[in-house]
Amino acid sequence: MSNEPAPPGGSEDPFAPSGVTWNRVSPKLTTARYVTGAIWLGIPFVGAVVLGVIFGGWVWSAAAVLALLGAWIAWLVPRQVRAYGYAEREDDLLVRRGVMFRSLVVVPYGRMQFTDVSSGPLTRKLGIAEVKLHTASASTDATIPGLPEAEAARVKDRLTQLGEARLAGL
Amino acid sequence: MSRREPEPGEPATAPGAAGPNGAGESVDSPGPAMPTGAGEPQWRRVHRITPLLTAWKFAAALFAIVLFQVADDLARAPLPGLTLVGLVAAGIAVGILISLAYSYVAWRRLSYAITDDAVLMRSGVLFRRERASRLTRIQAVEVTQPILGRLFGFAAITIESAGGAEANLRLAYLTHDEARAVRNEILARAAGLDVSVPVADDLGDGGDGGGPEGGGDGSGGGLGDDDLVAAGASGGAGARRLAAGGREAPVRVALAPEAPEREVLSVPPGRLVGSLALNGLTLAFVVFAGVLTGFAISLRSTEFLFGWLFGLLGVLSYLWSRFSREFGFRLAVSPDGLRVRSGLLETRAQTIPPGRIQGIGIAQGPLWRTRGWWRVSLSLATGGTGSESGDASAVLPDVLLPVGGREEVLRVVRLALPGITDDDAQTLVTGMVGSGSDDGWTISPRRARWVDPLAWRRNGFRVVPSLLAIRRGRIYRQLDLVPHERTQSLGISQGPLERRLRLVSFHAHSSGDLEPTLPHVDPAVAADLLAEQSERARAARRSAGPERWMLPTP
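Residue numbers (my numbering), protein chains in the order written: chain Z, 26 to 195; chain F, 1034 to 1587.
No lab work stands behind these hints: they were computed from the structure. Please read these numbers as outputs of a predicted model, since none were measured by experiment. Beta carbons are placed, not taken as given, at the ideal position from N, Cα and C, and that holds for glycine. Hints may contain errors.
Stated by the list, open to error - Among the chain Z residues that face chain F by a calculated CB cut under 10 Å, a handful are:
| # | residue |
| --- | --- |
| 1 | 43 |
| 2 | 114 |
| 3 | 125 |
| 4 | 128 |
| 5 | 130 |
| 6 | 131 |
| 7 | 132 |
| 8 | 136 |
| 9 | 138 |
| 10 | 158 |
| 11 | 164 |
| 12 | 167 |
| 13 | 191 |
What the hints assert, rightly or not - Derived DEER-like restraints, expressed as beta-carbon distance ranges:
| # | chain 1 | residue 1 | chain 2 | residue 2 | range |
| --- | --- | --- | --- | --- | --- |
| 14 | Z | 139 | F | 1227 | 27 to 35 Å |
| 15 | F | 1105 | Z | 97 | 53 to 61 Å |
| 16 | Z | 86 | F | 1332 | 42 to 50 Å |
| 17 | F | 1320 | Z | 86 | 37 to 45 Å |
Given the sequences, and given the hints that come with them, work out the whole structure.
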């Protein structure tokens, strides 16, 4: 593989294996992340604006930086949410995420130790939840955020069933 | 096996011999009838010396806390010197009494049992706890002897399950022989052997150490290499005599015979010292200390010297912990798996049953290259046992070979991962020292030199029938071996820079400390590897050996 020309089959994107239909997460996750981001950025922004009004001049640059950061997050979050995907194959679950830093995890059902379904006050209000799979390896990062509650429950039940059926040791 | 007095109605010979659970099915119990129901586990107690061995820790902690709290008040109190001394002495005495009482209650409340399915332990003074470690899920069993225990012939057993140091079950203290007997019983049961046939042979009368040959009979089930068993039993006769001390209850022989073991290698102390001297940390410290000393001399000031004194303490404590833990390292094989012994003050003998090894890492730093030394570390699904102090931060990773040459590395790795064939051994060598795409290795494409100018020809992977080998690093060489059936999950990732260069990193997630990562491969190669490796892992899992390793594969 040390030659420069593209290897055979190089057209295939490893993050989109053929024959896999991806399930997307709920767009409500965008709302949830916007609200969280607004709280984390909004309060410092208000503070920075107040300081800018009081002192004027270069002090406004803090508010400007925060505003830019906010705009960038506003641009990024919908893309991130769209980038989340999961697919239930016959023997394993695929989870992918990330726009700039992309990753894809393949978790065999039989390797699953337990699953977590969690939601905070905000996501509960929006009716979405996060499903997380745990294997015996701490480095397995298979988290699917922003699933509608019913879908989260279904995914959890199905994963538990499949895990039971294909149970393997450590 | 415990040396408590036989309780009324309990068989005087070999408690536990009559197989706790399911005794009815396999034992035609010739001895006295079981006092408990057949389904009831038979609870045993750890040695009654335990309160004394544990009390001093508790007393020291108590003393430190009290001293810290009231030392100032005492010093300021307008009391004559003698009264002060008396008060302190009384305080110490009360502290010792409290801790003895506490330790005694803790000991009374601690009991354990070994059934056909699990090791059970009940403990706790205020908050009672009963824990069951399933035999099929045991990852390793370790017999440790702290320095005090070595002096008096006592040992502790740690049963390691997956789930971190919290998941360990620790039985402390037993006499060394008893600890080994319990270890052997646990391993034999975990292996799927039937050890419930009682060996109704008391060892000696009041401990004259005679007649260990009785130990092997009867229950051998394919294990009984009587010579070795006898040797094992008589080896500890001295300690037993000391422990028994001519008192009423004679110590019994091993219920399950010790699996015969064969020593494979040992690391001489000289090489261990050399390997620690050629450590990057040692070298960095020497350079740092030299520079600071130079400053101190040229500036005629001693201030700088204190700077490195603290560094010295840190480095020394690290080197010391490595040295004392890996001193006298010996590796042996037995049907129960690998047996790793080491320790200078606190000795440990860890048994790792077959099929428990999640991955192996072989590493060499630049300083070790001249000597051709390598370090082989081992990844288990446990959180490690840590040291006797129970300090979780003191956990050192498990090693299969602290330092050794290439031949030893190959020998050790082939013992740990029996699926490796002779052909694969060559792969291991190219994985350790090789570079380029010879011998079937797939390396990073040439364009990866922009992100990895030194090691791009070395970073690569190779698949052999039993495992995936990932090698990387040119200065710090590393070779990770992950058996197919132990792969937990697989992943790929890509950062912005990698995306521009059309590169992808591959991750095999394994349980334990090992994080096998293959940086910067071609996307198509990564896609293929991901798909094929999933399939291989699936196939390997289907044909994996049984968890009870002595049973035939179903």
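A quick look at each hint next to the structure:
no.	hint	verdict
1	43	9 Å, holds
2	114	9 Å, holds
3	125	5 Å, holds
4	128	4 Å, holds
5	130	4 Å, holds
6	131	5 Å, holds
7	132	4 Å, holds
8	136	5 Å, holds
9	138	9 Å, holds
10	158	8 Å, holds
11	164	5 Å, holds
12	167	7 Å, holds
13	191	9 Å, holds
14	Z:139 with F:1227: 27 to 35 Å	33 Å, holds
15	F:1105 with Z:97: 53 to 61 Å	56 Å, holds
16	Z:86 with F:1332: 42 to 50 Å	44 Å, holds
17	F:1320 with Z:86: 37 to 45 Å	44 Å, holds
Violated hints are absent here; each numbered hint is respected by the structure.
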